[in-house]
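Given chain G's structure and the hints, the job is docking chain H onto it.
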Amino acid sequence: MRVVASVLFVLTVFLLVTGITASNQVELDPLMYDYIVRNFEEDTHAKNAVASILLNYRMYDTMFEALILLAAIIGMNQFLPRESDMRHHESREQQTEDNDE
Amino acid sequence: MSEVSREVSYGEESIILKTMVGLLYPFIMLFGFSVILNGHYTPGGGFQGGGVLASLFVARFVVYPVEDTDSERLHALQRLFLALIVLVPAALLFTGVVARYEEFRSAYLTLMDILIGVQVGLGLGVAVLRFAFFHGVGQTWHL
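Line by line, the protein sequences are chains G and H.
Just so you know, the working numbering puts 54 at position 54 of the first sequence, and the rest follows in order with no gaps.
Counting the second sequence from 1 gives a position; the working numbering is that position plus 1000.
Incorrect hints may have been included.
Said to hold, decoys possible - Short, incomplete list of chain H residues facing chain G, as computed with Cβ under 10 angstroms:
(1) Gly1022
(2) Pro1026
(3) His1075
As the list claims (entries may be wrong) - Computed footprint of chain G on chain H; a stretch qualifies when at least three of its residues, placed anywhere within it, have a C-beta under 8 angstroms from a C-beta of chain G:
(4) 1031 to 1045
(5) 1051 to 1062
(6) 1110 to 1121
These are calculated hints, taken from the structure and not from any lab test.
Yeah, the Cβ is synthetic: ideal placement off N, Cα and C, and Gly gets one too.
Just chain G, same shape as in the assembly (with noise of 0.2 angstroms):
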């Protein structure tokens, strides 16, 4: 029944989604487009527009895309054991170790 429900209000969302969209769509004048295949090489002094929009035009998009990977650490750090959680466990692994002996 859960999955049921699930599986409907997941087509449900994907369907409003596109269905707005595509009732909204919009005709832009391809400016920006233009604008740095034309100007990138002057304006950066890069030899391929994907490093000149990387590290110049969007570089506001670099920064937060290198905090990605930070918070994953983070996250990392704080959710996985450390070895001081762990010393429980290998104490009770030498006390074994020290009845079979």
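Relative to chain G, chain H alone:
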């Protein structure tokens, strides 16, 4: 903990793996830095070169799975590079220095590529080491 991982490790016994990784290690490093430094001429750049550099940590772990790298220090270094990634554009790009002086433009691109590459390499390396020496089950994971 290093004694335990030394006991249970079986990757370091393979002499083929050891020799090949030792042979390839400097070339992986050179390839990573060439991808980073040619970022504004060829496809590639900071993120991709950083990924190649992070594979050095994986290669080292495969042949020598002993936890002797302080991942906290690597993480501190990564945060330093992240701060530089925020500060260098704030000082050079957003103030209009790069737009005003033409001779700084390629230097700025190269500098940012190096910063991003080292940051991504260190970050992925910390992630790999953190997962590789994951003590949740009481012993080291093996790739």
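Structure-based check of each hint:
no. : hint         : in the structure
1   : Gly1022      : violated (28 angstroms)
2   : Pro1026      : violated (26 angstroms)
3   : His1075      : holds (6 angstroms)
4   : 1031 to 1045 : holds (count 6)
5   : 1051 to 1062 : violated (count 0)
6   : 1110 to 1121 : holds (count 5)
Violated hints, listed in ascending order, are 1, 2, 5; each of the other numbered hints is respected by the structure.
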